[in-house]
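In the order they appear, the protein sequences are chains A and B. For the first sequence, this note's numbering gives the first residue as 1123, with consecutive numbering after it. For the second sequence, this note's numbering gives the first residue as 46, with consecutive numbering after it.
It is worth saying that the hints were derived from the structure and are not from the lab. Check the hints yourself; a few may be wrong.
The calculated label-pair distances, taken between Cβ atoms and stated as ranges, are [stated by the list, open to error]:
| # | chain 1 | residue 1 | chain 2 | residue 2 | range |
| --- | --- | --- | --- | --- | --- |
| 1 | A | Ser1195 | B | Pro255 | 31 to 37 angstroms |
| 2 | B | Ala391 | A | Asp1212 | 29 to 35 angstroms |
| 3 | B | Arg462 | A | Pro1132 | 20 to 26 angstroms |
| 4 | B | Pro214 | A | Pro1192 | 36 to 42 angstroms |
| 5 | A | Asp1196 | B | Asp414 | 56 to 62 angstroms |
| 6 | B | Asp356 | A | Ala1216 | 36 to 42 angstroms |
| 7 | A | Ala1216 | B | Pro255 | 16 to 22 angstroms |
| 8 | B | Ser339 | A | Ala1216 | 34 to 40 angstroms |
| 9 | A | Gly1218 | B | Arg390 | 31 to 37 angstroms |
| 10 | A | Ser1195 | B | Thr400 | 55 to 61 angstroms |
| 11 | B | Ser339 | A | Ser1195 | 58 to 64 angstroms |
| 12 | A | Asp1196 | B | Ala269 | 45 to 51 angstroms |
Some chain B residues near chain A, calculated using beta-carbon distances under 10 angstroms [unchecked claim]:
| # | residue |
| --- | --- |
| 13 | Ala194 |
| 14 | Asp291 |
| 15 | Thr308 |
| 16 | His321 |
| 17 | Leu329 |
These numbers were taken from a predicted model, which means no experiment stands behind them. Every residue, glycine too, gets a C-beta built ideally from N, C-alpha and C.
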Amino acid sequence: MKLLIADDEPAVRALVHVTLEGDDYEILEAADGVEALEVARGEAPRLVLLDIMMPRLDGLEVCRQLKADPDTSDIVVVMLTAQAQERDRDQGLAAGADDYFTKPFSPLALLNMVERVRHNQSGAD
Amino acid sequence: MMLAALVLLAVWLRRAVGAPADALRSASGRLAGGDLETPVTLSVDNELGAVASDLETMRRRLAGRMEALERLRHLSAQVVGATSLQRLTEVALALVPLLSRGRFLGLLALCWTERHQLDREQEALLGLAGNQIAGALEAALRLEEAERAAGEARAVFYAIADGVLLTDPFGRVTAMNRALEALTGWTETDARGRPYAEVLPIATDQVGGPADLVSRYGRRVPVAVSSAPIFDARGRVVGGVDVIRDVSREREIDEVKSALISTVSHELRTPLTLIHGFAELLVLRDMPVERQRSSAVEILDASRRLARLIDDLLSVSRMESGRLVLDPRPLDLASVVERILSPFRAMAAKHTLRTKLPGSLPVVWGDPDKVEQILTNLVGNAIKYSPGGGEVLVTVDQDGDTVQVSVRDQGIGMSPRDMGQLFEKFYRVDREEVRRTGGTGLGLYITKRLVEMHGGRLWAESWPGVGSVFRFTLPTTSDELAGSGR
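Build out the structure end to end from the sequences listed, making use of the hints.
Below, the structure is given as structure tokens:
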């Protein structure tokens, strides 16, 4: 399964890499919002992990644009952010995100979530 | 015998009646003569004594009347003296005091040019007229007082710094002050009679969220509004008052504060995420040894970053509260430069670190630890932001009473936009290369503050893709360096 991690912190991308590695995931990376949109449109991943505070285009806007476009609206979007205030979570869900992880997050919880998405996908196929 | 008895009776009568009757006669004579001062006393216990007592009462009343009359006469003389009445050749004068609730308000004077005697009816009429005039006078005085109070209230209303709006019971504008005119763009003349909501449209982006006033020309101003009904004496609502305060400044401070908290929270959570994440993977997952090692390195890096961030935050807090105190002394800048460069030389593989120092440098006045911190930060940045390598050149020059130090790199450089915000707290250039360095966004802010605490200046020049130069000055001192080899 193809998934995209968009976060401006290289170390966070590395953490997601290490968390999911060895399980047959094709992991794509983006370091800012514009790049995230490009990769999501070009590569059509099943899942996008989106940081909110990103250069050029923030994660909320990326999520909104993905969900507004019929070609990308099926992509499961999970917000991954350091903002823990309730208002931020509500904004994420209002932007159309499917789930929400607050930093610091548990990599195994993230792995479970990704596997659930993969399971749903194979069930649907 | 009969004669003798008659004589005796006459003597007795004379004693009992004759002497008191004489005293009474002389007392009434005094009264008739105008002497109202001498009291009438006759201590005999019979009818003559009673007459004397009545006479004394009359005398006291008369004396009182005369005194009042005298006062009135004196007063009228003053009135006549003070007015044009003097020019009248009046023969008769009637004065009526104007009293309202016991307060003396004035005097009603009537003059006749011929002899005139008031009859009872005229007297009563004059008394009535006096009361009416006194009542009207009192009302006029009260009106004047009310007008003065209203004038004061009006002056306060128009001069008050917050916007104030008055409405009638139907919510139509009756008055607005200058501050509200400035805030809304409406003039009082234009606004008068219009519905409240038209003059004061309030917009909120979310329910319960902050309220913005929309001005006549569409400008939005954050405001705090407090309203109250206006009651008349019988408790009926006769209108409303709204006080509208411009809270832009407060809102701004709030936003800066919450942005700072949000930034600090974000900056703290990022290294925490890495520590938590990699530690959990190490504990719960089987990983090849080299993966374990790289995960441990990530944890180590993140912990260092967290510690650095906390140090920087504490420095900033100490600086801003004035608790960071310098310990300045004469300093040999050349040796400080050499000392801070050596660890960089040991680490930097892609960079060449060069210095250009004049043969003799004046002694600099500074806190050795802080000057090292300034230089370390600038040289560290020069290396961090020239990922392709190249030369980092540290130059020291004397410039009058100051020494100028410059750190030049051949790195990624900055756009003019970035330069504008470079020294702001938590400002980080929005670039992947910058993000990768894991800085706190506080380094240059702290460095600038440190230089300024020394009485120096820090500034930068930069060219995107070519490199940057950071320069700062430090004051020199005429003091000799104690125990220095130079």
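So, going through the hints one by one against the coordinates:
no.: 1; hint: A:Ser1195 with B:Pro255: 31 to 37 angstroms; in the structure: holds, 33 angstroms
no.: 2; hint: B:Ala391 with A:Asp1212: 29 to 35 angstroms; in the structure: violated, 50 angstroms
no.: 3; hint: B:Arg462 with A:Pro1132: 20 to 26 angstroms; in the structure: holds, 24 angstroms
no.: 4; hint: B:Pro214 with A:Pro1192: 36 to 42 angstroms; in the structure: violated, 56 angstroms
no.: 5; hint: A:Asp1196 with B:Asp414: 56 to 62 angstroms; in the structure: holds, 58 angstroms
no.: 6; hint: B:Asp356 with A:Ala1216: 36 to 42 angstroms; in the structure: holds, 38 angstroms
no.: 7; hint: A:Ala1216 with B:Pro255: 16 to 22 angstroms; in the structure: holds, 19 angstroms
no.: 8; hint: B:Ser339 with A:Ala1216: 34 to 40 angstroms; in the structure: holds, 38 angstroms
no.: 9; hint: A:Gly1218 with B:Arg390: 31 to 37 angstroms; in the structure: violated, 52 angstroms
no.: 10; hint: A:Ser1195 with B:Thr400: 55 to 61 angstroms; in the structure: holds, 59 angstroms
no.: 11; hint: B:Ser339 with A:Ser1195: 58 to 64 angstroms; in the structure: violated, 37 angstroms
no.: 12; hint: A:Asp1196 with B:Ala269: 45 to 51 angstroms; in the structure: holds, 46 angstroms
no.: 13; hint: Ala194; in the structure: violated, 50 angstroms
no.: 14; hint: Asp291; in the structure: violated, 25 angstroms
no.: 15; hint: Thr308; in the structure: holds, 9 angstroms
no.: 16; hint: His321; in the structure: holds, 4 angstroms
no.: 17; hint: Leu329; in the structure: holds, 6 angstroms
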